[in-house]
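Enquirer: Position chain B relative to chain A; hints supplied.
Chains as they are written, first to last, in the working numbering: chain A, -6 to 348; chain B, 211 to 584.
The set of hints was computed from the structure by calculation and includes no laboratory data. There may be inaccurate statements among the hints.
[Claimed, not checked] Below 16 Å or equal to it, Euclidean Cα-Cα: the simulated EDC-like pairs (lysine to aspartate or glutamate) are:
(1) A/Lys266 / B/Asp215
(2) A/Lys7 / A/Asp150
(3) B/Lys212 / A/Glu270
(4) B/Lys212 / A/Glu263
(5) B/Lys323 / A/Glu263
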Amino acid sequence: MNISPTIHARTLGKVNVPTVTLAHGGGGKAMKDLIDDVFVAAFDNPSLAPLEDQARFDLAALARHGDRLAFTTDSFVVDPLIFPGGDIGSLAVCGTVNDLAVGGAIPLYLSCAVIIEEGVTIDLLRRIARSMAETAKLACVQIVTGDTKVVHKGACDKLFITTTGIGVIREGLNLGQHRAQPGDAILVNGQLGDHGAAILAARGDMALETAIESDCAPLHDLVARLLAAAPGTRFLRDATRGGVATVLNEVAAASQIAIEIDEQRTPIREDVKAFCEILGLDPLYLANEGKLVAVVPQEEADAALFAMRAHPLGTGAAIIGRVHAGEAGRVTMRTVFGGRRIVDMLVGEQLPRIC
Amino acid sequence: MKYVDEFRDREKARVLLREIESLVASMPVSPEKPLHIMEVCGGHTHSIFRYGLEGMLPKEIELIHGPGCPVCVLPMGRVDDCVAIAERRNVIFTTFGDAMRVPGSRKSLLQAKADGADVRMVYSPMDALALARKNPDRDVVFFGLGFETTMPSTALTILAAERDGIENFSVFCNHITIVPTIKAILDSPDLQLDGFLGPGHVSMVIGTAPYEFIANFYRKPMVVAGFEPLDILQSIWMVLRQIKEGRAEIENQYARIVPAGGNAAALEAVSRVYELREFFEWRGLGSIDHSGVKLRDAYARFDAERLYAIPNVKIADPQSCQCGEVLKGVIKPWQCKVFGTACTPERPLGALMVSSEGACAAYYQYGGLRAGAA
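Bound conformation, chain A alone:
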């Protein structure tokens, strides 16, 4: 790891105004103060401190973790910025960490690019930066490089964050969406739809009071335990936008197999169910930010289930279905009522029904 001799030699700037203005994006002292005071202060780590235009890594140190790099990026535009169970900062870290983790990678480094609408308060930015730093610590990653832009009022909605992540994949590990085989078990690590329901409820435009919290959490450790217990695991994916239904359709199409899940075994919180009932939404399509779908060979299914249940982020884990050799690409569900229906990809955004 490069620990530059310039570390801490520089005095950090301070922001002395309550809100972000276009001056903070101008490239001058105001911008430097904002970056120093809000972001560098929160993300404090040896790679970031020198404030070069790029983070630098020692290749040999990376290679000790495995034999392949994993590289991913994701943008976060969530509204509201702060919601029950998290905020845009924790989400931006978890989202990218999880995208690395479900590839079997050990997440190591993140970048953080923020686009700020003028008028956003410095206090809010501090809070989000702190949240990113805390979540990064939990996820055992460092935020090593970043960028800030300030745009005119109305050019973006308060704050957008893009994080890019680098991780390393252990030798011999090869997860892929084309690897599901008839007989495999489909698992999830807990109750589905919490994040999507929490965000919809937090927007407040339907006057429904709920205690639903986002499940936003970094899954790297759960994935490590799962892969240790079930080394034959075929495929993992975090069930974010589009929910579990979308992930299942993607794997069914890529592997040219069919999947049947059992509604009765699919874990969904009572309050999320009720929320969906009222609004005419289907929880299978709601976003999750701390839930993954695992396709595991039948003989390792129990080991995978126990490993997940033993982890704090997997206490609600369940085997929800099976892969079988039916019509390729088809996902079906055995309903609580005993019927069978198709679980297809969603066409557009899920819209509440009229009555």
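Expert: Just chain B now, kept in the frame of chain A:
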């Protein structure tokens, strides 16, 4: 979930299905010549697909998915009118969510929003009125849509706006009424229906009396049904029993919600605010006499149709579309010439592919299991 799980009980379903099977076995029907039962309401269609009920029923029963999805039967011309209002500079156009995607001849409300119109999704007309209060310098228009189920809430919102002297709120009224439409279907020469599941939520407002002509004049049984899967199975069983016993009556399976006389307060608000239109255009079914309502003259100042110059152009349904025949049960959704090819949920040509309550969209999304096997 209390009051929900009880109505989704697998064991009770088995018992009911056995009863249905033994009733069917004692009747002169076959899978080639099945009984046709129409569920009028889109909410029923949704439940039937959501729980996979079609596949559980004996093959001697065929469910025909009726016209009771207000989003589906909205004609293209009316969507164009919505877009025209929404694109006016000072307007905030408010609508229920699933109306956003209905295609007009130029664009849907979702596309209009992307092009800069201020279109907002609301969950109740009262939310639209609240928006009007919050934005006194803007004109808030609510897209009044739906059968008798949603009609009273729009009426009560208009009455609230009148009481509170709110000047910047209006309704683009596209409310429709179910009874003339059922009559139009019953009058259709190619009709092949043996009985009806009556709409539960509409009946909660209007009661069961308005359906009596179906039994008395057309000699068809109807059972007003709830929306949980057990409600639907029990209602099918009740229809079958009527057929078996040679009865044609209006029965009420959904008595826990539907009083025989309906909801007096709701009906009062409805008759105060609306009057029948001479006719209203339906997607797939054409023009049906007295099947829509408009605001009475006394409420003209809340009537977007009078406040704004709307194009009001009638756009014919696409020629290749066979929605009308599907609605009347003459063909099944997958027998339509354009089902799944020119007409898909992404690019719906016909009404029934639009909302998840539409028969074709429901087949496309959830169904196909039985259709594929047939």
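Enquirer: Are the Cα atoms of lysine 266 of chain A and aspartate 215 of chain B separated by 16 Å or less?
Expert: Holds. Lysine 266 of chain A to aspartate 215 of chain B sits at ~11 Å (cutoff 16 Å).
Enquirer: Lysine 212 of chain B and glutamate 270 of chain A were given as a pair; does the straight-line alpha-carbon distance stay at or below 16 Å?
Expert: Distance of about 12 Å is within 16 Å: holds.
Enquirer: Going straight from one Cα to the other, do lysine 323 of chain B and glutamate 263 of chain A come out at no more than 16 Å?
Expert: Measuring from Cα to Cα gives roughly 34 Å; hence the hint is violated.
Enquirer: Against the 16 Å threshold, does the CA-CA distance of lysine 7 of chain A and aspartate 150 of chain A hold or violate the hint?
Expert: violated (25 Å)
Enquirer: Quick one, are lysine 212 of chain B and glutamate 263 of chain A close enough, alpha carbons at most 16 Å?
Expert: holds (10 Å)
Checked against the numbered hints given earlier, the structure breaks hints 2, 5 and satisfies all the rest.
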